[in-house]
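The listed protein sequences derive, respectively, from chains A and B. Using numbering that gives the first Met the number 0, the letters of the first sequence map in sequence onto residues 0 to 201. Using numbering that gives the first Met the number 0, the letters of the second sequence map in sequence onto residues 0 to 576.
Mixed in with the good hints, there may be bad ones.
Derived lysine-lysine pairs resembling BS3-like cross-links, with alpha carbons at most 25 Å apart [unchecked claim]:
no., chain 1, residue 1, chain 2, residue 2
1, B, Lys325, A, Lys8
2, A, Lys67, B, Lys240
3, B, Lys201, B, Lys220
4, B, Lys312, A, Lys70
5, B, Lys352, A, Lys74
6, B, Lys556, A, Lys35
7, B, Lys306, A, Lys67
8, A, Lys70, B, Lys352
9, A, Lys67, B, Lys201
10, B, Lys328, A, Lys8
11, B, Lys338, A, Lys74
12, A, Lys35, B, Lys206
13, A, Lys67, B, Lys352
14, B, Lys325, A, Lys74
15, A, Lys173, B, Lys220
16, A, Lys70, B, Lys201
17, B, Lys366, B, Lys328
18, A, Lys67, B, Lys220
19, B, Lys325, A, Lys67
20, A, Lys80, B, Lys325
21, A, Lys80, B, Lys206
22, B, Lys328, B, Lys338
These are computed hints drawn from the structure, not numbers from a lab.
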Amino acid sequence: MTDQTHPEKQEFNITVYTENQIGLLNRIAMIFSRRKINIESLNTSPSEIEGIHRFNIVIHVTEEVVSKIAKQIEKQIEVLKVYFNTNDDVIWQEMALYKVPTEVIAEKAKVERLLRENGARVVAIRTDYTVFETTGHREETDALIRVLQPYGLIEFVRSARVAIIKDSDGFNRKLREFERAEPGHEVVENEFLDSREKVFTM
Amino acid sequence: MLTQEKQAPASPETGTQLSGSQALLHALVVEGTDTIFGYPGGAIMPIYDALYDFEGDLKHILVRHEQGGIHAGQGYARSSGKVGVVFATSGPGATNLVTGLADAQIDSTPLVCITGQVFAHLLGTDAFQEADVIGITTPVTKWNYQITDATEIPEVLAKAFHIARSGRPGPVLIDITKNAQLQKFDFQGYTPCDHIRSYRPKPIVRKEYIRAAAELINKAKKPFVLWGQGVMLGSAEAEFKAFLEKTGIPAAWTIMGAGALPTDHPQNVGMLGMHGNYGPNVMTNECDVLIAIGMRFDDRVTGRLDKYAKQAKVIHLDIDPAEIDKNVKTTVPVWGDCKETLPLLTQLVETKKHTDWLAQFREFEQKEIDAVIREELFPASGEMTMGEVIQQLNELTKGEAIIVTDVGQHQMVACRYAKLNHTRSNITSGGLGTMGFALPAAIGAKFGAPDRTVVAVIGDGGVQMTIQELGTIMQSGIDVKILILNNQFLGMVRQWQELFHERRYSFVDITSPDYVQVAKGYGIAGRSINQREDLTNALKEMLSNPGSFLLEVMVTKENNVFPMVPQGCSVSEIRLK
């Protein structure tokens with residue numbers, strides 16, 4: 000397909016507030032997979048309210064598609080609210096870790112300058128390797144890869160995106176009202192799962 | 000077990016020690032369940048053991064296959080308006096429910112399916128008859144949940160029924176591990192659920208949209224109503240009729256909406272879609288305001304979307320916000336239960352009679368009668384047609400029967416021509432198009448509406464997919480009339496091969512057994528006819544037989560269902576031949 004067919008495709012940040020429920024991740028992921036939409040980034044974490052979780056999902060689609068997807072997600076029983084925003088509507092960050100041989104980096108690089116220029120910091124120094132961390136947009140975390148590559152970059156990992164909607168005060172208040180009215184339940188875990196030997200079965 | 004006395008279940012009080020199975024069955028009784036369709040097995044045995052003591056309250060129908068069980072549950076739900084309840088065991092029992100779940104999901108049928116599961120400590124170990132039922136059924140359920148601890152049962156069951164029946168209804172599956180079925184706990188009573196924090200079954204009705212919709216309707220010169228099953232799911236038949244009669248607008252139906260307004264109502268202009276009536280399809284592209292009520296603009300109804308009703312302003316009334324703008328862009332969305340929104344709209348619309356506009360539909364109807372219908376319903380000569388069988392059935396049932404159809408040519412013919420005086424009289428697999436649906440669904444429909452005549456109209460292909468359910472009829476003694484329209488082909492596929500694949504009839508020639516002998520083997524009376532002069536008497540014999548009856552009618556082999564909107568065409572390009 001050409002860009003002409005989808006002229007207005009762009010990155011959208013979907014924010015989903017949910018109950019803490021086993022299997023819900025699967026239910027939400029299927030909404031994308033059945034439409035053959037690739038999830039660029041997915042992060043789930045507790046929200047500011049205990050018992051309510053927050054998903055941050057990034058996809059590259061048209062506004063029409065993301066709006067339909069958002070409605071389908073909001074249809075799920077345990078989903079409280081779904082928002083979708085363009086990159087301009089959110090403040091977002093990704094974190095990256097870089098592992099480089101200590102010997103090489105100490106000998107050859109002007110480490111101090113490298114850190115300052117890339118807004119990075121050292122999180123671990125061992126005799127065999129050093130781990131740097133940087134946080135920022137994709138191009139910023141990518142930039143440090145290019146810088147470190149000549150120094151024998153051993154390993155690199157980047158987190159999913161976390162995003163804060165610039166204008167999201169409304170739902171925070173609503174969430175607190177929800178929680179005051181009906182505190183969430185704890186998720187039931189399979190207490191029998193690890194008691195294999197103790198249980199007699201037919 | 001058989002020699003033991005059955006004990007009536009004690010009415011449990013708070014603090015009574017109950018097993019998970021007993022708590023489950025009490026929940027079903029409180030929720031008003033009277034009939035369960037199911038099939039036992041190892042992992043659901045504690046529930047079946049407890050069921051032995053619930054004979055007075057819960058009738059269990061032993062089906063012959065879990066697919067039959069869930070289709071029966073669907074038929075029950077569709078004819079009664081209640082929640083269908085289905086039991087199956089773990090592994091293969093549960094996976095056999097998947098087709099019915101998908102069918103119920105797409106046709107918004109309220110079901111609560113209970114599946115047994117292996118002991119919790121065996122989960123994820125590939126234990127005997129273990130399958131990840133929650134994973135498998137997630138895409139085809141409105142909600143599902145696995146219970147591993149009996150104390151969860153009352154609350155989860157209450158949620159399950161609330162979710163299945165409220166808002167846009169749908170199937171719910173509850174998977175219960177065997178230890179949870181056996182586990183005893185202090186029963187704290189059963190409270191039905193009417194609220195879940197994160198679940199909004201009905202959107203808030205926005206009055207400004209009602210006003211905007213009324214304004215559009217009042218200004219319209221050629222308004223046109225399309226209605227679907229939502230009218231029935233919302234029990235809004237009376238409200239719908241009141242709206243129509245005040246506005247005088249012509250109205251056409253999707254096959255899932257058939258019956259919500261009687262066939263003979265003067266404003267009922269017929270069926271929409273691929274094999275719908277000529278007028279409503281053509282006029283969709285003529286109207287100035289299109290009012291869609293409880294329907295979802297399925298591709299079988301709209302044909303090519305880029306050529307669908309482009310000239311019209313669209314008002315869409317639906318309970319599911321995700322349906323608005325999904326396929327057709329709406330001018331005015333009316334979110335809400337049509338039982339609430341229709342009366343609000345009716346208050347604001349002007350009383351009108353769109354006589355000339357309605358007459359245009361009738362002109363097209365006459366054109367269709369001349370080109371297709373007369374020959375289909377009253378063929379001058381030759382072999383019998385499916386249409387004339389339905390026509391004769393109409394004469395005898397006078398529109399009072401529940402017609403359950405399978406999938407294929409006979410389905411389109413039956414839906415087009417069946418006369419329906421009452422709501423919940425047309426039960427068919429609309430969205431999924433599941434062959435094998437009708438026989439078990441008819442069994443369920445009869446349990447759901449025992450006082451009505453239930454006629455299953457089935458093709459020779461579909462009946463062979465779930466023919467084992469004749470055994471369910473035999474054992475339960477239910478009275479279902481089975482009308483097989485045998486054209487010795489998988490007729491709809493053959494029609495497409497004829498029209499679009501240069502008559503290359505690839506594997507559509509299907510041989511049938513001697514159905515009358517098969518029925519006889521199950522203790523069911525039957526008859527097969529191939530002469531027109533026998534038709535009326537054979538139908539009379541079927542309808543007047545005190546119990547179930549199987550009638551096979553040999554119909555012409557290569558008849559096509561017309562009109563037809565070929566795939567990829569606009570609805571106004573509907574072909575009469």
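Hints, one by one, checked against the model:
Simply put, Lys325 (chain B) and Lys8 (chain A) have alpha-carbon atoms about 18 Å apart, close enough for the 25 Å limit, and the pair holds. At most 25 Å may separate the alpha-carbon atoms for a hinted pair to count; Lys67 (chain A) and Lys240 (chain B) exceed this at roughly 32 Å. Straight-line distance between C-alpha atoms of Lys201 (chain B) and Lys220 (chain B) comes to about 32 Å, which puts the hinted pair past the 25 Å bound. A distance of roughly 23 Å separates the Cα atoms of Lys312 (chain B) and Lys70 (chain A); the hinted pair therefore holds under the 25 Å criterion.
With a C-alpha separation of about 39 Å, the suggested pair Lys352 (chain B) and Lys74 (chain A) falls outside the 25 Å cut-off, and the hint is violated. For the proposed pair Lys556 (chain B) and Lys35 (chain A), the alpha carbon gap of about 41 Å is over 25 Å, so the pair is violated. Pair hint Lys306 (chain B) plus Lys67 (chain A) holds up; C-alpha atoms about 21 Å apart against a cutoff of 25 Å. About 38 Å separates the Cα atoms of Lys70 (chain A) and Lys352 (chain B), which puts this hinted pair outside 25 Å; it is violated.
Only pairs whose Cα atoms come within 25 Å are accepted, and Lys67 (chain A) paired with Lys201 (chain B) is accepted, the gap being roughly 18 Å. For the hint pairing Lys328 (chain B) with Lys8 (chain A), the CA-to-CA distance comes to about 19 Å; that is within 25 Å, so the pair holds. Distance check on the hinted pair: Lys338 (chain B) and Lys74 (chain A) sit about 21 Å apart at the alpha-carbon level, within 25 Å; holds. With a C-alpha separation of about 37 Å, the suggested pair Lys35 (chain A) and Lys206 (chain B) falls outside the 25 Å cut-off, and the hint is violated.
Of the supplied pair hints, the one linking Lys67 (chain A) and Lys352 (chain B) is violated, its CA atoms being roughly 38 Å apart against a limit of 25 Å. Restraint check: the Cα-Cα separation between Lys325 (chain B) and Lys74 (chain A) comes to about 13 Å, which is no more than 25 Å; the hinted pair holds. With a C-alpha separation of about 44 Å, the suggested pair Lys173 (chain A) and Lys220 (chain B) falls outside the 25 Å cut-off, and the hint is violated. Only pairs whose Cα atoms come within 25 Å are accepted, and Lys70 (chain A) paired with Lys201 (chain B) is accepted, the gap being roughly 14 Å.
Note on Lys366 (chain B) and Lys328 (chain B): the hinted pairing is violated, with a Cα-Cα distance of about 31 Å set against a maximum of 25 Å. At roughly 32 Å between alpha-carbon atoms, Lys67 (chain A) and Lys220 (chain B) are farther apart than 25 Å, so this suggested pair is violated. Of the supplied pair hints, the one linking Lys325 (chain B) and Lys67 (chain A) holds, its CA atoms being roughly 7 Å apart against a limit of 25 Å. Annotation: proposed proximity of Lys80 (chain A) to Lys325 (chain B) holds, straight-line Cα distance about 19 Å (limit 25 Å).
With a C-alpha separation of about 23 Å, the suggested pairing of Lys80 (chain A) with Lys206 (chain B) holds against the 25 Å cut-off. The hinted pair formed by Lys328 (chain B) and Lys338 (chain B) meets the criterion: a straight-line CA distance of about 23 Å does not exceed 25 Å.
This entry does not satisfy hints 2, 3, 5, 6, 8, 12, 13, 15, 17, 18, going by the numbered hints stated previously.
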